[in-house]
Amino acid sequence: MAVLEVNHIKKVYKTRMGGEEITALRDVHFSVEKGEFVAIMGESGSGKTTLLNILASLDTPTVGKVLVGGKDYSTLKDDERAIFRRTNLGFIFQDFNLLDNFTIEDNIRLPLVLAGENHKTMDQKVVPMARSLGIDQLLKKYPYEVSGGQKQRTAVARALITRPSILLADEPTGALDSRSTTNLLQQLCEINRSGQTILMVTHSNVAASYASRVMFIKDGEVFHQIYRGDMTRNEMLDKIFDAVTVLMRGGEDSES
Amino acid sequence: MNHKLLNKLVFRGMQKNRKTLIPFLMAGTFTVMIFYILQSLAYCPYIYYKGVEAFYGAQTIAIILDISSQITAVFSVLFLFYANQFLIKGRKKEMGLYGVLGMSKKNITYIMTAETILYALISMAVGMMTGTFLNKLMLLMLYKIIGQRPVEGLFFSTKAFGNTMMLFGIIFACCLLHNVRSIRVGNPITLLQSNHTGEKEPKVKIGIFLLGVVTLAAGYYLALTAKTASEAISSLFISILLVVLATYCLFTAGSIFILKRLKKNPKFYYKTKNFISVSNLMFRMKHNAAGLASICILSTGVILLLTCGCSLMMLGEKNINRLYPTDVKIESKVTGVEQGQREITQIRSALKESGIQTSEEVYRQYKTIMLRKDGQKQTYADPDMMYTDMGSCIDTYLLSMDDYNKYVGTNEKLSEDQVLIYNSDKEWKSGEVLDFLGKKYAVAGNVDYRVTSYVLDSTMSLFESEILVFASEAQINGFLEQVGQQEDEDYNVYIGYQTNGALSKEQQELFTQNVNAVLTDVEIHFKAEERHFFYNIYGGAFFVGIFLAMLFLMATVLIIYYKQMSEGYEDQRRFQILSNVGLTEKEARKSIQTQVKLLFFLPVGAAMLHMMVASNVIRLFLRMVLVVDAKTFGMAIAAVSIIFLLVYILVYHITSRTYYKIIHTKSC
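Note that the protein sequences, when read in sequence, are chains A and B. Residue numbers for the first sequence follow full-length UniProt numbering, beginning at 1 and rising by one. Residue numbers for the second sequence follow full-length UniProt numbering, beginning at 1 and rising by one.
If we strip away everything but chain A, and leave its shape as in the complex, we get (with noise of 0.2 Å):
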């Protein structure tokens, strides 16, 4: 069974003053199977932030349905749903989402914290995860004091903590440098062959290439799907730039 299915969701954002409607997505379809690693890639407003944020029921679909596990969230209450999300969805942001006022310990400790565990049984899990991703050292410390790479893994410790069925990841090496975005990419994967599912939204190149299915986004919609197949990495960043071309020369047509 599949992990996440996407129903033809459509979303119409409503501008103020209730005048002009945007359409953010118009019609998208997929599914993602246990232990895939899928990347979505497109332009800046091609929708793919408000399918993340849909994915991460942190929005509702105008049109269609999101089913995590066979479930359907959007019929749930806000307070449900936020429960929902942090048994079932683990998140990495661009921009970290650390809390600076705990330690990296404590905010890897979060998630379980609010699933209201014994203190006890964290430490066996944080201690395993934190060596797992090489921040064993640096539990004590505060964000402001590791370096982005650091700060990168904390986040992916502190989604993957409570096991969900998903990690999403929003643009998870925006700001990292090369040598910490290779590392991080290297390490996802490596959780990926352990068994997790990944969906990362990105519009980097190389990070989609790390990726075993690549979905590209355009006006709201999936324009073209990559599967890696047993391409190499290459291989498969090569097939990337050119659908990136594709997508871009497509881009330039409708324009003119």
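Incorrect hints may have been included.
Listed next, with one range per pair, are the computed distances between beta-carbon atoms [claimed, not checked]:
#1 A:L237 <-> B:H287: 45 to 53 Å
#2 B:L645 <-> A:V12: 49 to 57 Å
#3 B:K271 <-> A:L58: 32 to 40 Å
#4 A:L237 <-> B:A290: 52 to 60 Å
#5 B:K271 <-> A:V127: 17 to 25 Å
#6 A:L58 <-> B:I238: 22 to 30 Å
Covered stretches of chain B, going by a simulated chain A footprint (3 or more residues, C-beta under 8 Å) [as the list claims (entries may be wrong)]:
#7 273-281
#8 577-589
Honestly, the hints are just simulated from the structure, not real lab data. Glycine is no exception: its CB is placed at the ideal position from the N, C-alpha and C atoms.
Following the hints, put chain B in place on chain A, whose structure we already have.
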């Protein structure tokens, strides 16, 4: 760059920052107004002007007004600086942006200067205008409180105007200097990012924490152990200083200490509601501890001032009755019982000549002696010696049993080793033993206070007072001889009358003349006149107290408002992240409420505690001017505290609305 554009930027900036600016301008206006009103009342011809008193006791009121306007001045400096700092903090980013866009420092200085001058003009103009209108109202209010007939006509004091202009001109100029300096020092980029720097978790300053604990203990100890008015005088100032210091230390270091402790306990810390609250509170306390401590001190000040004012007004009548038990009070010294009787007849005829009808006549004769408490013993206090501990002195009145029987209308007998006693500080029981001038006496009972209280000298209320009734006149003379106070036949005499109806001014004058014509060395007091004087002085003090309390209250409200706002902006991002991670709205609201409430009521709680501890000293202090019974004083404290709390809660509701509004606007 042309000035038209810059001026436009000034107005745009003001509009954009109206949320912080309006309270600032209100604070400015209000302080100007209060200072101006106090000043112009102090130099007002209807109170005291160029050495002419408008009514009895007016000079004292003018002095109180002047002193309190000086307090207001000091306070305005501190307070406007605080508010200004908050204002400029929010503008740094904007100025940084102007800098990036290519505005020179000169241009930015121009904007800052124009703004500050505008603020100063608005505050001063509005403040003084409302001040001028309210002046008259305040004067009438003062007249009402002190029972003076209202006057016609407005007044304007150039001196008050000048003083106000000068004081606030200087304050605003200093603010401007500070602002320009803080803007000019940084480069645009650092200004732009000024509120994005990560910050360290606060450290426990164990030294400051301990200092706080020690000073609090010392201050409380001084306040609680003061037993007499003189001790209260010597310890009041020190204990206030100690407690103020302690409040600042404990709010800054103590709060962090406790929170760190809580954080160390994983069982407590890793619970949803505690996890977020504890760590947030730690940072909040780091930023706001000083503000909270100020709120605490100001609140204590407000409650204290109002309590004193209320007890003065509530106890006024009681005290006048105590000071002047009868409508007419004559104090005299006579030699021998016969002279006393002669004086009475003379006074009676003086009353008749003055046309004063009386309903009751009181005559009391007594002797006095000053004693010292020496452990359980009461020994003679030599007037030639200076005693450092005024608190141990007892103002003692001696009556013979014969006279006492006459006053009470009984026919009791005492033996030579027995005594009847009244003591203002101690309840004596029959059978106890009094060690008086080296001899022991058995207490046979209590003196009837109602009948004998006339003899008490009200100007000596600072001391403990005692009335002793001994078996015979001879025995009393024996005591006086023993201590070398030779006055065999000399008595102090109290003669008092209750009159039928009020006395006119002419009657009073005529009576005084008639008495002075036949008797020298007598003091005459009319209750009505003394009451008038009392209300003039204490009414004036009460009036000024209300003014200062209002000022403090306004400062408290403003600090709270700014605190809520700055916290709102800090917490906005934090709660957004939390909700992304999956904190439910309900949990978030609950956590915010706990924190906000705790921070809000902590200072008032501490203020109430301070007040409770201070009540003892304050009561002793008030006893210098009037008798304060514990019940009325307690009621005054309770009433003032409850009203204060209600006002505070109201402010909480209004300001927390702003806070929630900020929290709920999502930042992207």
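At a Cβ distance under 8 Å, does chain A reach at least three residues of the segment 577-589 of chain B?
holds (count 11)
The hint says 49 to 57 Å between B:L645 and A:V12; measuring C-beta to C-beta, is that right?
Given about 51 Å between the Cβ atoms, the range holds.
Check the following: the C-beta atoms of A:L58 and B:I238 are separated by a distance inside 22 to 30 Å.
Check failed, 59 Å falls outside 22 to 30 Å.
Quick check: does the Cβ-Cβ distance between A:L237 and B:H287 fall within 45 to 53 Å?
At roughly 48 Å between Cβ atoms, B:H287 and A:L237 fall inside 45 to 53 Å, so the hint holds.
How does the segment 273-281 of chain B fare against chain A when you require at least three residues with a CB closer than 8 Å, holds or violated?
Answer holds; 3 residues pass the 8 Å Cβ test.
Go ahead and decide if the range 52 to 60 Å is satisfied by the Cβ distance of A:L237 to B:A290.
With Cβ atoms ~57 Å apart, the hint holds.
Between the beta carbons of B:K271 and A:V127, is the distance compatible with 17 to 25 Å?
Given about 20 Å between the Cβ atoms, the range holds.
B:K271 paired with A:L58, Cβ distance criterion 32 to 40 Å
26 Å, violated
Comparing the model with each numbered hint stated earlier shows that hints 3, 6 do not hold.
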